[in-house]
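Q: Same order as they appear, the protein sequences are chains R and A. Under our numbering, think of the first position of the first sequence as 101, with each following residue one higher. Under our numbering, think of the first position of the second sequence as 72, with each following residue one higher.
To be clear, the hints were calculated from the coordinates, so they are not data collected in a lab.
Lysine-lysine pairs mimicking DSBU-like chemistry, simulated, CA-CA at most 35 Å apart:
no., chain 1, residue 1, chain 2, residue 2
1, A, 105, A, 156
2, A, 115, A, 181
3, A, 115, A, 105
4, R, 449, A, 452
5, R, 123, A, 452
6, R, 424, R, 449
7, A, 452, R, 424
8, A, 156, A, 174
9, A, 174, A, 115
Chain A is faced by these chain R residues, among others (derived, beta-carbon under 7 Å):
no., residue
10, 374
11, 388
12, 392
13, 410
14, 465
15, 471
Bear in mind the structure is a predicted one, so any value in this text is a computation, not a measurement. Each residue gets a CB set at the ideal place from its N, CA and C atoms; glycine is no exception.
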Amino acid sequence: MALAPTSEQQQLRDSVRRLLERKSTSEDVRALIDGGSQGDERLWRQMSSELGLQGIAIPEHLGGTGAGVAELSIVLEEMGRTLLVGPYFSSIALAGQALVASSDADAQQRWLPRIADGSMTATLAVAEESDRWDGRDCATTVSRDGAEMTLTGIKMFVPDGCTSDVTLVITQDASEPTMFAVERSATVPVVELVESLDLTRPMARLTLDHTPATAIDLGGDPAARVQRIFDLAVIAVAAEQLGGAAKCLEMAVEYARTREQFGRPIGSFQAIKHKCADLLMEIEAARSALLFAARSADSDSEETSIAASTAKVWCSRAFTRAAKENIQIHGGIGYTWEHDAHLYLRRAKTSEMLFGSPAFHRRRVAQLAGIEPRP
Amino acid sequence: MTTRIASGSEETDEEFRRRLVTFLTDRHPGPAPKDPQDRLAWVKGWLATMYDEGFAGPSWPRELGGMDLPFNKQVVYQEEIARSKVPTFIGTGLAIAGPTIIKYGSEEQKQQLLPPLLRGDSLWVQGYSEPDAGSDLPSLRTTARREGDEYVVCGQKIWTTMAQGADIVFTLVRTGTQESRQHGISYLLIDAHQPGVTIQPIRDMAGGRQFSQVTFEDARAPVSNRIGEENGGWPLVRTSLGHERAAGAMNQAAMYRRVVNELIELAHERGATDDQSVRDALADFEMRVRIMRYSAMRVINDIIASGEPGASASTTRLFNTMFEQDLHEFAVDMLGTHGVVRPGGPSSIQRGRWTRGFLSTRASTIGAGTAEIQRNTVAEKVLGLPYDPSMPTT
Chain R
101 MALAPTSEQQ QLRDSVRRLL ERKSTSEDVR ALIDGGSQGD ERLWRQMSSE
151 LGLQGIAIPE HLGGTGAGVA ELSIVLEEMG RTLLVGPYFS SIALAGQALV
201 ASSDADAQQR WLPRIADGSM TATLAVAEES DRWDGRDCAT TVSRDGAEMT
251 LTGIKMFVPD GCTSDVTLVI TQDASEPTMF AVERSATVPV VELVESLDLT
301 RPMARLTLDH TPATAIDLGG DPAARVQRIF DLAVIAVAAE QLGGAAKCLE
351 MAVEYARTRE QFGRPIGSFQ AIKHKCADLL MEIEAARSAL LFAARSADSD
401 SEETSIAAST AKVWCSRAFT RAAKENIQIH GGIGYTWEHD AHLYLRRAKT
451 SEMLFGSPAF HRRRVAQLAG IEPRP
Chain A
72 MTTRIASGSE ETDEEFRRRL VTFLTDRHPG PAPKDPQDRL AWVKGWLATM
122 YDEGFAGPSW PRELGGMDLP FNKQVVYQEE IARSKVPTFI GTGLAIAGPT
172 IIKYGSEEQK QQLLPPLLRG DSLWVQGYSE PDAGSDLPSL RTTARREGDE
222 YVVCGQKIWT TMAQGADIVF TLVRTGTQES RQHGISYLLI DAHQPGVTIQ
272 PIRDMAGGRQ FSQVTFEDAR APVSNRIGEE NGGWPLVRTS LGHERAAGAM
322 NQAAMYRRVV NELIELAHER GATDDQSVRD ALADFEMRVR IMRYSAMRVI
372 NDIIASGEPG ASASTTRLFN TMFEQDLHEF AVDMLGTHGV VRPGGPSSIQ
422 RGRWTRGFLS TRASTIGAGT AEIQRNTVAE KVLGLPYDPS MPTT
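Turn these sequences into a full structure, and let the hints steer you where they fit.
A: Pasting the structure below:
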């Protein structure tokens, strides 16, 4: 398995970084936060027309560019660096990949070309009050009313759930995992904003009450499909986390190089150097884990789940630690509202919880690696 | 007599692997003898076999008896050597001094010194650290005074591994003034078999005797034993050859993969996996040992793709050394009071391997550069943080 970036991947990273460094600056992010964190429509169109980013991991016959999870991860990592505000994560990384991983050709034809060109957005609703993200323990129920199917239940923490055109809902029907699509027209009256710690990513609470829904075919082994959808979402969060972590370390190093106390740059003190070196170690470990998870997903390797969970745990660790140390190294200025450091800490702590906390994924690794007690 | 394949260029990696595996199977030297003397002879015999059959020095030039393999074949080589459990290095000469001489030695030095080193005929050991020069190696005080075409060496070296049985000590010695620090240091090979060289074993905290103190009292070395220029030894210290160590990185990951499996097995046997906190800790080690493998793959891929090991290589050692300390400490904790039974005794669990490891891995963050010095290096060389103005400039 090749983990070194190809020259095409490097070019992709460079072009996304160039675009976002110009169009997703600190001022841009803060202006969008003040406006309700809906994203910048001009940038959204530019991402599509100039770089085709919305279609990156969608097959060519469905309007995408046919690249893989490795490429999508690079884009997400770059977006995580700048705390990009907008529906890319929910629409492309969550819903788009969930549809790609389904076996429903009709649903794919119906929505993926429009997701791929950015003309519509979608999201994925999994968690409920029980706070499980892997599609288990869902209480949302499915009813059949003649030809029409409806859903009843409460979905929590739906990223961009207030603004998405289509919400994919994962639940269980007769203990079998299922996925449904709920159109915006049906969700408008029943969706409310959850006040998230992360100011850059709105989340919604979706109350479904006999809400009309379209079943999405998950093929002969729906549990395996849902597991793949979950793994892809986990890898997507981890990729964003990695970008955020690397950015926090860069901010801390830059400040430590220039901020002087006791007549010398604070970065010349070992107390600061060792913090930064340890962060780099954490981030590089996280990067190794993410690269392997993304390649595993692309080759549909049986190691994908354990690699995805490993990446989630390590990218969570790296990001939260880097975000905290970035504040510490900045000292007083790092504790102000005006400094971006807290925006990263908010994103870091929130991302830790999205699609399974580190504690959840640690236990998933224990199960997958045969650490659970034997009968 | 040497038998070699005329050219390796047409041989695919898998063909090379098969040829190597055949050799390792047919000529395997068997298990290691218990007696230290027999063991040394066993290792030396095997190194000679490898050399004579053209399987020594994967990254070394052919004219010096090496194989000059491209990097991906070096990886294959390291994998198969590790899998076959044959002995590899003795002393640090092959890994450290050999590449230095290949890069900086004169033609005569290379021809004369390197084939016997590679063949295991000559055992070389390292004399860098001193009792008063550890992390601050440029302050070393072992002097080499020029007398005609010889150097006369006085001073003490410490933490030399495999010193007993050594033929040559490769050293850093002061040929300039003390104040000149790293600009007054030369790289000198000293014959260990002479009256001016005394080797005193040190008992380490785990009870072992792998380290020695080496004292030079008017020991003599011909000027022709100096590698590089006089006072020009310092830049030679960190020489490596063709990313040799990176090629072996997968082996360490594979070794620890086995160790983690064994620890999980032990936890099951003792019923410890009933405890959620034990399962959580084991899952962390499971993830860390996986990351060790992923990082090793990354370094190897980066070298193949770009010729350079990339950023992850700089922090791999820090990651791995902390891992092995944490792993052994956890194992002792998991065993409870059984974990604090002294190793080797009849009541020790698995002959006390975890308890012994708990003690011996204290050295992991000290030897070959302390973890603190490594952090400084990462911060300065990789992240570009400023040097400490109170430290001597390097």
